[in-house]
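Start from the sequences and build out the full structure, keeping to the hints where you can.
Under numbering that gives the first Met the number 0, the sequence shown has 116 at position 117, and the numbering climbs by one with no breaks.
Don't read these hints as lab results, they were simulated from the structure. There's no promise every hint is true.
[Unchecked claim] Simulated restraints on C-beta separations:
1) THR175 with LYS196: 53 to 59 Å
2) PRO110 with ILE231: 23 to 29 Å
3) PHE209 with LEU235: 21 to 27 Å
4) GLN178 with ASP109: 26 to 32 Å
Note that the coordinates shown come from a computational prediction; the quantities given were computed from them, not determined experimentally. Using N, Cα and C, we set each Cβ at its ideal position, and we do this for glycine too.
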Amino acid sequence: MIKIKPFLIAGLLLTGFTLSATAQIGEARSNFSVGVNGGVNLNSVSFTPTIKQNSLMGITGGLTARYISEKYFAMICGAQVELNFSQRGWDQLFEIVSLDDNGNEVTSKDPSKTYTRKMTYIDIPFLAHLAFGRDRGLQFFIHAGPQIGFLISESETIKGIDMNELSSTQKAVYGTKIQNKFDYGITGGGGVELRTKKAGSFIVEGRYYFALSDFYKTTKKDYFARAAHGTISIKLTYLFDLKK
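Shown next, in the form of C-alpha cells:
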C-alpha cells in the first residue's frame, strides 16, 4: 500500500490557505468572523479486506473562525478554520440467508447480532472559502482543504456474537485498540449562507471527509491493507463579525 510521506501532510495543511492567498487582485476585504457549529455525521470505514457496514450516526460540533480577504468580480474569497468534537466509527452489518416461497436465496439483516465501534476525535479542518452572492443576503459557497484529527476515546459494543467462532476479519478487529491515533485527510463541501447586517450569518452546509491515513497498522505483515474513515457531515453554523 502506498504510504503518505510526512512532507505531504505539511503540503495538505497549506492547501486551504494557498487557495485563498491574499494577493490582492480584486477588491480587498478584511472581514473576520467567529462562531459555533453543530450537526450530525454519517460514518463508514473503508476496509481492505472489506467489512459490510450500516451507516453509523454521530454528532459533531465546535468553534469556527473565518477571514474574508477579497472579492474578485462575483467571487468572495477567504479561509476558514474549525476546532470540532466529532464522533466517527462503524456499525458492522450481519446478514442471514433464507429461502423465499420459490426456493430462491434471500439475504436480509440479522437483528440478533451487533458490533459497533465508536471513535471520538478532535478535528481541525483548514478550508478555502469561496462564495458567490451578495455581501448582505443569500450566498452560495464551497469549502475545500486538509483536515487533521486526534483520537481521544473509543468504545465497542458486542452483542449476540459467539467469541469462540470468529472469522479472521473479526479476530483482527474485536478487542483490538486503535493503533494510529493521529488522523489526516481532505474534506470539502458546499452550502448556503444568509448574511444579515446586525444578526450575523446563518449557514447550512454538507461536507465529506476522506481520510488518507489508516487507524490500524497496514504493513505487509498486518491483516488490513486499508482502514480509513469516510464521513458525511450535515452542519449548521452561526457566525458573527468581529471585524467588518
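Taking the hints in turn, this is what the structure says about them:
For THR175 and LYS196, the Cβ-Cβ distance of about 54 Å falls inside the hinted range of 53 to 59 Å, so the restraint holds. For the hinted restraint 23 to 29 Å between PRO110 and ILE231, the CB-CB distance of approximately 25 Å keeps it satisfied. A hinted range of 21 to 27 Å for the beta carbons of PHE209 and LEU235 is consistent with their spacing of about 22 Å. About 29 Å separates the C-beta atoms of GLN178 and ASP109, a value consistent with the hinted range of 26 to 32 Å.
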